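In order, the protein sequence lines correspond to chains H and D. When the count follows my numbering, it moves up by one through the first sequence with no breaks and lands on 439 for the last residue. When the count follows my numbering, it moves up by one through the second sequence with no breaks and lands on 439 for the last residue.
These are calculated hints, taken from the structure and not from any lab test. Careful: at least some of the hints might be erroneous.
In this list, chains with the same sequence are indistinguishable; a pair is considered to hold if it fits within one copy or across any two.
As the list claims (entries may be wrong) - SDA-like mimics (lysine to any residue), calculated; alpha carbons at most 25 Å apart, straight line: (1) K108 to R340; (2) K119 to G401; (3) K316 to R177; (4) K108 to T89; (5) K85 to R104; (6) K315 to E410; (7) K176 to S115; (8) K363 to T198; (9) K348 to Q359; (10) K368 to N437; (11) K187 to K293; (12) K164 to R177; (13) K176 to L311; (14) K85 to S118; (15) K85 to Q359; (16) K85 to Q105; (17) K426 to N339; (18) K412 to Q318; (19) K187 to A297; (20) K108 to G399; (21) K363 to G399; (22) K315 to A173.
If you're wondering where the values come from, they're calculated on a predicted model, not measured in any experiment.
Protein chains: 2
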Amino acid sequence: MKVNFTPGPSQLFYTVEDHVRQAFKNGIPSLSHRSKEFELIYGEVKNGLRELLGLPSDFFIFFTGSATEIWERSIQNLVEKHSSHFVNGAFSKRYFEIAGQLGKNTFKVESPNGTGFTSSGIVPEQTELIALTHNETSTGVSLPLSFINEFKTLYPQSLIVVDAVSSLPYPDFDYSKIDSVFFSVQKGFGLPAGLGVWIVNERCMAKANKISAAGGSIGTYHSLPVLLTSEKKNQTPETPNVLSIYLLSKVLQDMNRRGIQIIRKETEYKAAILYQSLEKHGLAKPFVQEKGVRSQTVIVAECRNETERISKHLAGVGLFAGGGYGENKKNQLRFANFPTHSKEQFELLVDTLNVL
Amino acid sequence: MKVNFTPGPSQLFYTVEDHVRQAFKNGIPSLSHRSKEFELIYGEVKNGLRELLGLPSDFFIFFTGSATEIWERSIQNLVEKHSSHFVNGAFSKRYFEIAGQLGKNTFKVESPNGTGFTSSGIVPEQTELIALTHNETSTGVSLPLSFINEFKTLYPQSLIVVDAVSSLPYPDFDYSKIDSVFFSVQKGFGLPAGLGVWIVNERCMAKANKISAAGGSIGTYHSLPVLLTSEKKNQTPETPNVLSIYLLSKVLQDMNRRGIQIIRKETEYKAAILYQSLEKHGLAKPFVQEKGVRSQTVIVAECRNETERISKHLAGVGLFAGGGYGENKKNQLRFANFPTHSKEQFELLVDTLNVL
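For reference, chain H alone in the conformation it holds in the complex (with noise of 0.2 Å):
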């Protein structure tokens, strides 16, 4: 057995490569995009993801490349002007920094990786759109969303944008609170790499219009409104990675057959036991300090001079850990915590662990 820990691209989900299979069957890999049989499917994973997510209905469903196209998407068709960034790791960070790319006005608060932050209520009142990363692949840090509900209130001008690229669909989010938010099919999905979806509210619709009727640039095949003509029609402007949208419907409906609650449940149960060991053991420890906003997803654990070794020991069994990311990639390990990996891989990953 091998099992890959590491956060992205990680494990693939364990009914992949069925449905691979099946689909070549089917013809799915040259299924025209403007057939009746793709809209079935994008319709497949509109009301799967509604299903999984608790999604409301006034939610739009698009895709794009991948997450790092959302990125500029959202900054082009959401900010005429200013834009407000929380900041705590290499992720949140590049987001920011594709803002003032583009030439918006930013604003950023900044916490040092491995933290959270300790107030919301510091953004310029001009700010058009805040981004919050929910989870910092980077280090392991996950925003409480009692944090993430507070915008919402405090700034009911501004659009909140949440990035749950290595999150979903574990975050029970208040979709009351939030405008959009978007995530990648590689992480908690278990799909292969080359997809992105984005979520948006009529009020990221309407401000998308309103930059393009001001003149603004919003792009061409992927600006909200194109994305929108062709959604209405189960369609997609341009020819999309049909495959993995055929393989995102039918992994939704076997995580829909399983319950989100059941999977939230193991998720959490897994981290807790990954952390517990991690907290005892001699050689590691939780990177994350403050127990309020270490991720359940994405498990970082601080090994220093200890990396290697303890890399190669889980290793030894089949259990990849990820390395650290940036300047720590020799000195934390970093745990995935998706819907793919069973209870069972992280009592063997935890026990393992502590025989070290």
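Assemble the complex: chain H is given as a structure, and chain D must be docked to it using the hints.
Positioned in the frame of chain H, the structure of chain D alone reads:
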């Protein structure tokens, strides 16, 4: 047997299913795009494309989500103010429109659907980019290579960009006459959709840097300079469609083993017998009248009231023609003639047509 002649997504290249099986065995669908293994795969695509297309070593090869994305990125990165477009169908028109949506001053040389162009000598002096659609997938018109090659001499100050979405790997371009060429993998290369390939030379890089230095917006993660920074490490800025890039590397090996000369000769043979059949046919005829601009890779038959009858007749023996494009949906049939379509399949197609 079932053969899909729709011009894209088309029939898969005949080795793809085996390569997908092997990919799952080797963990490719969850391979990190920051791994050595991925870098080797990117390198194989570069070598494979250089060999197959006879591409000089001073051209760079980048990946995007689709060819539609390349329409947008090429205008963003290569045009400060002014682009010119040769428009003779739906796809060349869309490229032209995208330039307008991005706020550029656009000039259009228009020719009726189903025809080529009479003159290259009417592009405004200030044009920075000349957009040529080598093969109009909507109508089956292909620009002669001699026509494409005229522009470099006439407009040495402009960048010559060729959309070869539905023709590569067939055309034997003279790359000294072209600054950029692009395609998507679901047509001639017979792969599942979800990947665009953008090939540019140093002049394109210089232009993007110039626009950026002057304060123009060339985008963020998929600007040419950022793509190049990653490409130097055989990496991509974002998490890309790794599986598709792997499959492209494998299909390129297969095609190179076969040899581009054989692929070209077979393409011409298959096109010749189908055009010949249509010329003599009582119920259908070639839509493109002028032989010199007839596409070798997308062959369009004008069938009028007989369209449905012919389509059903072919489907009866497992041969699936594509419908006409747009308003010609019910008046025409389109036949892709890609490397995956064998001589035997085309002979069966022609024999089946001829008995009608």
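Now the hints, each set against the structure:
1. In this assembly of identical chains, K108 and R340 lie within 25 Å of each other by CA distance solely inside one copy; the values are 23 Å within and 27 Å between copies.
2. Taking identical chains as interchangeable, the C-alpha atoms of K119 and G401 lie at most 25 Å apart only when they sit on different chains, with a minimum of 20 Å there against 43 Å within one chain.
3. In this homomeric assembly, K316 and R177 come within 25 Å of each other (Cα to Cα) only across copies, at 20 Å, whereas the closest approach inside a single copy is 34 Å.
4. With identical chains, the CA atoms of K108 and T89 are at most 25 Å apart between copies only, with a shortest distance of 18 Å across copies and 31 Å within one.
5. Taking the shortest Cα distances, K85 and R104 sit within 25 Å of each other both inside one copy (21 Å) and across copies (18 Å).
6. In this assembly of identical chains, the alpha carbons of K315 and E410 lie at most 25 Å apart only when taken from different copies (21 Å versus 45 Å within one copy).
7. Proximity of K176 and S115 under a CA criterion of 25 Å is satisfied inter-copy only: 21 Å between copies versus 38 Å inside one chain copy.
8. When the C-alpha separation of K363 and T198 is checked against a cutoff of 25 Å, the pair qualifies only within one copy, where the shortest distance is 21 Å, while the shortest distance between copies is 76 Å.
9. Proximity of K348 and Q359 under a CA criterion of 25 Å is satisfied intra-copy only: 16 Å inside one chain copy versus 66 Å between copies.
10. With identical chains, the CA atoms of K368 and N437 are at most 25 Å apart within one copy only, with a shortest distance of 12 Å there and 75 Å across copies.
11. Taking the shortest alpha-carbon separations for K187 and K293, both the intra-copy value of 16 Å and the inter-copy value of 21 Å come in at or below 25 Å.
12. For the identical chains of this complex, K164 and R177 are intra-copy neighbours only, at 18 Å inside a copy versus 29 Å across copies, given an alpha-carbon limit of 25 Å.
13. When the C-alpha separation of K176 and L311 is checked against a cutoff of 25 Å, the pair qualifies only between copies, where the shortest distance is 21 Å, while the shortest distance within a copy is 29 Å.
14. For the identical chains of this complex, K85 and S118 are inter-copy neighbours only, at 18 Å across copies versus 39 Å inside a copy, given an alpha-carbon limit of 25 Å.
15. Within a single copy, K85 and Q359 get their C-alpha atoms as close as 23 Å, which meets the 25 Å cut-off; across copies the closest is 57 Å, which misses it.
16. Taking the closest pair of Cα atoms, K85 and Q105 come within 25 Å of each other both inside a single copy (24 Å) and across two copies (17 Å).
17. In this assembly of identical chains, K426 and N339 lie within 25 Å of each other by CA distance solely inside one copy; the values are 18 Å within and 47 Å between copies.
18. Taking CA atoms no more than 25 Å apart as the test, K412 paired with Q318 passes between copies only; the shortest distance there is 18 Å, against 41 Å inside one copy.
19. Within a single copy, K187 and A297 get their C-alpha atoms as close as 16 Å, and across copies as close as 17 Å, so both meet the 25 Å cut-off.
20. In this assembly of identical chains, K108 and G399 lie within 25 Å of each other by CA distance solely across copies; the values are 20 Å between and 37 Å within a copy.
21. For the identical chains of this complex, K363 and G399 are intra-copy neighbours only, at 22 Å inside a copy versus 69 Å across copies, given an alpha-carbon limit of 25 Å.
22. In the homo-oligomer, the alpha carbons of K315 and A173 lie at most 25 Å apart only across protomers (21 Å), although the nearest pairing inside one protomer, at 36 Å, exceeds that limit.
Every hint from the earlier list agrees with this structure, and none is contradicted.
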